[in-house]
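Engineer: Listed here are the chains, written in short residue letters.
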Amino acid sequence: MNPTDSHPPDFEAECLRWLPDLARYARSLARDDDLADDLVQDTVLIAFKSWHQFIRGSESRGWLFTICRNRFYRVHGREARQVAADTPELETLAATALFAAASPQGLGDVFEQEEVVGAVGDAMAALPETYREVALLIDMHDHTYESAARILEIPVGTVRSRLFRARRLLQEQLLTHARDLGFGVARPSAESREGRP
Amino acid sequence: MMPMTDCDAVMRQFWDYLDGELNEATMAAIDAHVQMCSHCNPHIQFERAFKAALRSAREPVAELTPLRDRVRAALAAAGYEAP
Ligand SMILES: [Zn+2]
Numbered sequence: 230m231n232p233t234d235s236h237p238p239d240f241e242a243e244c245l246r247w248l249p250d251l252a253r254y255a256r257s258l259a260r261d262d263d264l265a266d267d268l269v270q271d272t273v274l275i276a277f278k279s280w281h282q283f284i285r286g287s288e289s290r291g292w293l294f295t296i297c298r299n300r301f302y303r304v305h306g307r308e309a310r311q312v313a314a315d316t317p318e319l320e321t322l323a324a325t326a327l328f329a330a331a332s333p334q335g336l337g338d339v340f341e342q343e344e345v346v347g348a349v350g351d352a353m354a355a356l357p358e359t360y361r362e363v364a365l366l367i368d369m370h371d372h373t374y375e376s377a378a379r380i381l382e383i384p385v386g387t388v389r390s391r392l393f394r395a396r397r398l399l400q401e402q403l404l405t406h407a408r409d410l411g412f413g414v415a416r417p418s419a420e421s422r423e424g425r426p
Numbered sequence: 128m129m130p131m132t133d134c135d136a137v138m139r140q141f142w143d144y145l146d147g148e149l150n151e152a153t154m155a156a157i158d159a160h161v162q163m164c165s166h167c168n169p170h171i172q173f174e175r176a177f178k179a180a181l182r183s184a185r186e187p188v189a190e191l192t193p194l195r196d197r198v199r200a201a202l203a204a205a206g207y208e209a210p
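Here the protein sequences come in this chain order: P and A.
Taken in order, the first sequence gives residues 230 to 426; the numbers are from this note's numbering.
Taken in order, the second sequence gives residues 128 to 210; the numbers are from this note's numbering.
Hints are not guaranteed to be accurate.
Claimed, not checked - Per label pair, the in silico range of CB-to-CB distance: (1) Ala329/P with Arg197/A: 44 to 54 angstroms; (2) Ala242/P with Arg139/A: 37 to 47 angstroms; (3) Val304/P with Asp196/A: 37 to 47 angstroms; (4) Arg182/A with Asp409/P: 20 to 30 angstroms; (5) Gly206/A with Gly347/P: 37 to 47 angstroms; (6) Ala205/A with Gly347/P: 36 to 46 angstroms; (7) Ala189/A with His305/P: 14 to 24 angstroms; (8) Asp261/P with Met154/A: 17 to 27 angstroms; (9) Pro187/A with Asp338/P: 44 to 54 angstroms; (10) Asp146/A with Ala329/P: 17 to 27 angstroms; (11) Ala330/P with Ala205/A: 17 to 27 angstroms; (12) Cys134/A with Gln282/P: 42 to 52 angstroms; (13) Ala179/A with Val304/P: 32 to 42 angstroms; (14) Asp239/P with Ala189/A: 18 to 28 angstroms.
These are computed hints drawn from the structure, not numbers from a lab.
Just so you know, even glycine gets a beta-carbon here, dropped at the ideal spot from N, CA and C.
If we strip away everything but chain P, and leave its shape as in the complex, we get (with noise of 0.2 angstroms):
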């Protein structure tokens, strides 16, 4: 290894390393594995060509998944939109009143029930993907906020806003699909919130 070298010694151990998380976003992305293999194959080759601009010392996880995302939405066309976020206090907020709801239903432990978690992945499908693409990020490939903030190139605060909301839209759907699926009903609320231990 040579310290003094601009470019860490060996670009493709680097990426390779990688592969597997890259993969499956480049998955979540595309939702096609073929598509997804070529945006990998693409995202790979644009790291090459820009290696010498990459800062070393840097997240490369993160770069390449910068280089990802940008590779995808000029492919396919798609703008990467702005929505004026809430506030993410509200939106927690917005959460704890839906388990508040929920738990005297008999609802409180729906998110370890098989059915409902299998549904996960359309309700992840369904959201709009301004809101998908960070809980992606964070729920799905454990980024942290910052992380998230920059593959997205958005401030930190964005990032929390849009991750709080796609989480209460998806509790919201899953909490629907457990009713759908008759969780809750069974137990009707007879007992007093305060009387649970």
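Guided by the hints, dock chain A with the ligand onto chain P, whose structure is given.
Structural biologist: Just chain A with the ligand, lined up with the frame of chain P:
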């Protein structure tokens, strides 16, 4: 001194808390509160289960060998040389 935490403070920050995005002192204060609060505890369990459900729905990645080979070949064609 640990900052005082009440149910309202937990309610307002629970996502940041579950995402590990708060400073250490606040994380510890909320931890302590949630452990003993019969109101916040089930709520936090609920949200934790939700987050776990999302995590479990990650796209499965099938066999990566063909993609890895393909990427290697594309890199070689683009002029990449292993050090
Ligand atoms: Zn409490």
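Engineer: Against this structure, judge whether each hint is valid.
Structural biologist: Hints, one by one, checked against the model:
1. Ala329/P with Arg197/A: 44 to 54 angstroms: With Cβ atoms ~51 angstroms apart, the hint holds.
2. Ala242/P with Arg139/A: 37 to 47 angstroms: Cβ of Ala242/P to Cβ of Arg139/A: about 44 angstroms, so the range 37 to 47 angstroms holds.
3. Val304/P with Asp196/A: 37 to 47 angstroms: Hint violated: Cβ distance 23 angstroms, outside 37 to 47 angstroms.
4. Arg182/A with Asp409/P: 20 to 30 angstroms: Between Arg182/A and Asp409/P, where Cβ atoms are some 24 angstroms apart, the hint holds.
5. Gly206/A with Gly347/P: 37 to 47 angstroms: 46 angstroms, holds
6. Ala205/A with Gly347/P: 36 to 46 angstroms: 41 angstroms, holds
7. Ala189/A with His305/P: 14 to 24 angstroms: The hinted range 14 to 24 angstroms holds for Ala189/A and His305/P, with Cβ atoms some 22 angstroms apart.
8. Asp261/P with Met154/A: 17 to 27 angstroms: 40 angstroms, violated
9. Pro187/A with Asp338/P: 44 to 54 angstroms: 25 angstroms, violated
10. Asp146/A with Ala329/P: 17 to 27 angstroms: Distance hint for Asp146/A, Ala329/P holds at roughly 21 angstroms.
11. Ala330/P with Ala205/A: 17 to 27 angstroms: With Cβ atoms ~55 angstroms apart, the hint is violated.
12. Cys134/A with Gln282/P: 42 to 52 angstroms: Since the Cβ atoms of Cys134/A and Gln282/P sit about 48 angstroms apart, the hinted range of 42 to 52 angstroms holds.
13. Ala179/A with Val304/P: 32 to 42 angstroms: 33 angstroms, holds
14. Asp239/P with Ala189/A: 18 to 28 angstroms: 26 angstroms, holds
The earlier numbered hints that this structure contradicts are 3, 8, 9 and 11.
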